Amino acid sequence: MTTTELAAPDPGPAAPGPTPSTTLSAAQAASASREDKARISRWLLSAPALVTITIFGILPLIIIVIYSFLKAAPYGGVVWSPSIEAYVSFLFQQDIFTEELVFSPDFLQIYLRSFIFAVGTTLLCLVLGFPTAYFMATRPPRQRNWWVLLITIPFWSNLLVRTLAIMFIIRDEGLLNNILIGLKIIDQPITILYTDFAIVLGLFYSFLPFMVLPLYASLEKLDFRLVEAGYDLYASRPKVLFRIIIPLSKPGIIAGCLLVFIPALGAYVTPLILGGGRHMMIGDLIAQQFGSGRNWPLGAAQALILMSAVLVALFFYVRATTGKVKHGQG
Amino acid sequence: MVELTGLPAVEAKNVTKTFGAGPDAVVALDNVSVTIQQNEFFTLLGPSGCGKTTLLRLIAGFELPTAGSILLEGQEVAHLPPFKRMVNTVFQSYALFPHLTVAENIGFGLKMLGRRRADRDAQIEKMLKLVKMEPMRNRKVHQLSGGQQQRVALARALAPHPKVLLLDEPLSALDLKLRKEMQIELKRLQHETGITFIFVTHDQEEALTMSDRIAVMSHGKILQIGTANEIYEHPVDRFVADFIGETNFIEAEVMQRIGNRGQIRLPSGIALARELDPIAPVGGKVTLAIRPERIDLVKPGADCQLAGKVENIVYFGTDTHFHIDLDTGGDVTVRVQNRRGFQEVLKQGDAVGLRIAPEAMQVLKD
Numbered sequence: 000m001t002t003t004e005l006a007a008p009d010p011g012p013a014a015p016g017p018t019p020s021t022t023l024s025a026a027q028a029a030s031a032s033r034e035d036k037a038r039i040s041r042w043l044l045s046a047p048a049l050v051t052i053t054i055f056g057i058l059p060l061i062i063i064v065i066y067s068f069l070k071a072a073p074y075g076g077v078v079w080s081p082s083i084e085a086y087v088s089f090l091f092q093q094d095i096f097t098e099e100l101v102f103s104p105d106f107l108q109i110y111l112r113s114f115i116f117a118v119g120t121t122l123l124c125l126v127l128g129f130p131t132a133y134f135m136a137t138r139p140p141r142q143r144n145w146w147v148l149l150i151t152i153p154f155w156s157n158l159l160v161r162t163l164a165i166m167f168i169i170r171d172e173g174l175l176n177n178i179l180i181g182l183k184i185i186d187q188p189i190t191i192l193y194t195d196f197a198i199v200l201g202l203f204y205s206f207l208p209f210m211v212l213p214l215y216a217s218l219e220k221l222d223f224r225l226v227e228a229g230y231d232l233y234a235s236r237p238k239v240l241f242r243i244i245i246p247l248s249k250p251g252i253i254a255g256c257l258l259v260f261i262p263a264l265g266a267y268v269t270p271l272i273l274g275g276g277r278h279m280m281i282g283d284l285i286a287q288q289f290g291s292g293r294n295w296p297l298g299a300a301q302a303l304i305l306m307s308a309v310l311v312a313l314f315f316y317v318r319a320t321t322g323k324v325k326h327g328q329g
Numbered sequence: 000m001v002e003l004t005g006l007p008a009v010e011a012k013n014v015t016k017t018f019g020a021g022p023d024a025v026v027a028l029d030n031v032s033v034t035i036q037q038n039e040f041f042t043l044l045g046p047s048g049c050g051k052t053t054l055l056r057l058i059a060g061f062e063l064p065t066a067g068s069i070l071l072e073g074q075e076v077a078h079l080p081p082f083k084r085m086v087n088t089v090f091q092s093y094a095l096f097p098h099l100t101v102a103e104n105i106g107f108g109l110k111m112l113g114r115r116r117a118d119r120d121a122q123i124e125k126m127l128k129l130v131k132m133e134p135m136r137n138r139k140v141h142q143l144s145g146g147q148q149q150r151v152a153l154a155r156a157l158a159p160h161p162k163v164l165l166l167d168e169p170l171s172a173l174d175l176k177l178r179k180e181m182q183i184e185l186k187r188l189q190h191e192t193g194i195t196f197i198f199v200t201h202d203q204e205e206a207l208t209m210s211d212r213i214a215v216m217s218h219g220k221i222l223q224i225g226t227a228n229e230i231y232e233h234p235v236d237r238f239v240a241d242f243i244g245e246t247n248f249i250e251a252e253v254m255q256r257i258g259n260r261g262q263i264r265l266p267s268g269i270a271l272a273r274e275l276d277p278i279a280p281v282g283g284k285v286t287l288a289i290r291p292e293r294i295d296l297v298k299p300g301a302d303c304q305l306a307g308k309v310e311n312i313v314y315f316g317t318d319t320h321f322h323i324d325l326d327t328g329g330d331v332t333v334r335v336q337n338r339r340g341f342q343e344v345l346k347q348g349d350a351v352g353l354r355i356a357p358e359a360m361q362v363l364k365d
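Here the protein sequences come in this chain order: G and E. So that you can map any letter, position 192 of the first sequence is 191 in numbering that gives the first Met the number 0, and since no number is skipped, the others follow by simple counting. So that you can map any letter, position 31 of the second sequence is 30 in numbering that gives the first Met the number 0, and since no number is skipped, the others follow by simple counting.
Hint data in this document are derived by calculation from the structure and do not stem from the laboratory. Bear in mind that the values here come from a model prediction, so they are computed numbers and not experimental data.
Derived SDA-like pairs: lysine to any residue, alpha-carbon spacing no greater than 20 angstroms straight-line:
1) 125(E) - 111(E)
2) 139(E) - 226(G)
3) 176(E) - 316(E)
4) 70(G) - 287(G)
5) 179(E) - 144(E)
6) 220(G) - 140(E)
7) 83(E) - 236(G)
8) 238(G) - 79(E)
9) 110(E) - 247(G)
10) 83(E) - 10(E)
11) 238(G) - 115(E)
12) 308(E) - 320(E)
13) 238(G) - 116(E)
14) 238(G) - 97(E)
15) 110(E) - 124(E)
16) 162(E) - 10(E)
17) 249(G) - 103(E)
18) 238(G) - 103(E)
19) 110(E) - 82(E)
20) 238(G) - 227(G)
21) 83(E) - 241(G)
22) 162(E) - 187(E)
Ranges of calculated distance between the beta carbons of each label pair, as one might list FRET restraints:
23) 48(E) - 155(G): 44 to 50 angstroms
24) 144(G) - 25(E): 22 to 28 angstroms
25) 223(G) - 172(E): 15 to 21 angstroms
26) 46(G) - 25(E): 54 to 60 angstroms
27) 50(G) - 172(E): 48 to 54 angstroms
28) 181(G) - 48(E): 57 to 63 angstroms
29) 56(G) - 177(E): 51 to 57 angstroms
30) 48(E) - 40(G): 50 to 56 angstroms
31) 317(G) - 208(E): 49 to 55 angstroms
32) 317(G) - 75(E): 48 to 54 angstroms
33) 241(E) - 149(G): 51 to 57 angstroms
34) 317(G) - 204(E): 50 to 56 angstroms
35) 48(E) - 152(G): 39 to 45 angstroms
36) 223(G) - 311(E): 48 to 54 angstroms
Under 8 angstroms between C-beta atoms, here's a sample of chain E residues computed to sit facing chain G:
37) 59
38) 61
39) 80
40) 82
C-beta: ideal position from N, C-alpha, C; glycine also.
Input sequences plus hints: build the corresponding full structure.
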């Protein structure tokens with residue numbers, strides 16, 4: 000007992016206690032302050048995520064949007080006067096003599112080619128990645144982690160180094176051609192480097208793990224008793240694959256395709272090195288506007304058009320695939 | 000009881016199945032032979048690890064026998080993959096396809112067999128009706144309860160009208176009441192479809208109530224095949240007697256023998272004439288199996304085969320179990336039906352006589 004308590008006068012039996020109304024409001028105030036505290040701590044806990052998203056996601060995007068509606072300064076950078084020139088010049092070119100705007104599909108062609116390359120890369124990764132992931136998922140549990148490790152080993156070295164290594168393998172005097180000539184299979188080197196094929200090969204190699212890993216995660220969870228049930232109900236091996244295994248690993252297929260398609264569409268290093276600058280993709284094109292092209296607003300506009308295209312493609316892709324799932328499930 | 004045609008539906012001949020190799024090899028089935036007749040409800044009964052599920056998987060085609068052959072209606076099928084055998088399985092986990100509806104699950108086998116859509120739809124409707132799941136036809140599997148999933152699994156396996164239906168402990172995931180319902184349901188389905196059922200279970204009561212014949216298995220071997228009655232009343236050895244229901248074991252001495260008949264003496268000194276296994280020598284011991292409900296408790300006297308003291312009384316509602324310490328050593332359980340309600344005639348420590356009909360004492364092989 001403290002001295003104050005000892006000194007406090009005894010209220011006595013007749014002393015009026017706090018009225019019910021005051022206790023109630025006190026309780027309300029206490030619970031209200033507790034709610035406030037909870038709200039504050041919720042915000043504090045989510046602050047790191049919000050700050051990260053704002054600084055690294057939303058702010059740069061706003062800057063790009065603003066830049067795309069400005070004029071280009073002659074030596075890079077922007078002039079702060081509003082303009083839609085960048086978007087116009089994406090589709091039209093000013094005739095040098097008549098100063099008339101003429102429709103020019105150059106940029107669209109690069110976009111289309113990038114799209115085809117990205118789709119091709121995605122399909123190649125899916126067709127070769129699925130058997131790989133299936134093989135990994137059907138190993139004994141102890142072996143599986145080793146296979147995952149092997150798949151992730153390429154990530155340990157730089158993409159640029161790996162792409163240059165591919166270049167050394169496929170160039171005219173490279174390893175592949177030397178071996179083929181040495182084995183007398185061919186007498187003239189096959190030109191692979193600086194072709195479209197080289198770009199797709201490089202993209203396929205770079206992004207294969209992004210396909211294999213989500214597929215593996217999906218297939219590893221697959222209940223193989225369902226596969227047995229399929230065999231039991233007269234489904235041959237191909238039918239079990241297409242009617243049971245593939246529909247059930249759809250989440251992995253969707254995730255893998257997105258993880259390969261989106262970065263493949265905007266790839267920069269691979270097409271630059273393996274395409275030799277002759278076969279441009281969107282990534283090179285945009286980089287060029289910010290570099291030697293000195294047209295920042297055009298670069299910003301091109302980046303935003305790419306982003307919109309990806310969003311539209313995603314929308315249709317997701318709707319088509321989930322629609323199929325729904326149809327499959329009735 | 001379903002009328003049996005007597006034609007074999009499934010024959011296993013000297014089937015051995017070994018998993019692994021070298022010193023770690025596990026023998027799951029050890030030279031098993033069994034013939035299952037058409038339209039039969041045949042049960043493989045045994046504790047876990049006895050090989051009953053392995054035998055089922057060999058018949059389904061999920062495993063290849065290490066040795067021996069498996070015949071389906073007289074045709075060797077051991078080398079055929081599961082999708083080429085007119086045999087369907089109801090899996091313990093049901094293994095329903097989660098991406099398909101109830102109707103699509105039921106129609107899957109028919110679709111894979113290449114049946115025309117109209118035929119398929121008609122058969123799906125028939126099956127839905129058979130398992131009373133018509134209102135659920137468009138549901139997804141995860142929207143169904145355990146009992147409903149069980150019905151869909153049954154319908155899916157029955158839809159292609161297989162020659163043999165294999166059921167791998169299909170009722171083990173259900174609660175007691177639902178299990179009892181499904182036991183009756185399964186019997187009804189087997190009767191209505193006329194399909195041979197091979198049922199795997201470790202539940203002896205399930206086996207006794209549902210089966211036309213039962214094979215009791217242990218350690219990869221079939222110990223006894225017979226009707227529920229034969230297996231319960233005439234178990235061949237100690238394992239079967241102990242696994243099926245409760246049993247008292249009493250040792251007796253062989254006094255003399257003529258051919259396969261002889262005289263044995265109970266520990267109490269009472270002599271009995273019995274049919275004997277040829278290997279039991281004079282002076283040797285045999286084990287007698289006696290069911291608890293086949294013993295009468297009476298006043299101790301000369302007409303009793305055994306005598307003892309009441310050690311413990313347990314009331315079970317329908318009957319009362321008396322644990323008796325025998326005067327000659329050992330103990331037995333006696334089950335008395337409470338036909339006139341529970342009557343506290345006997346108390347702990349009372350001396351009692353045990354009267355056992357000679358035919359209730361089964362000589363075991365062991």
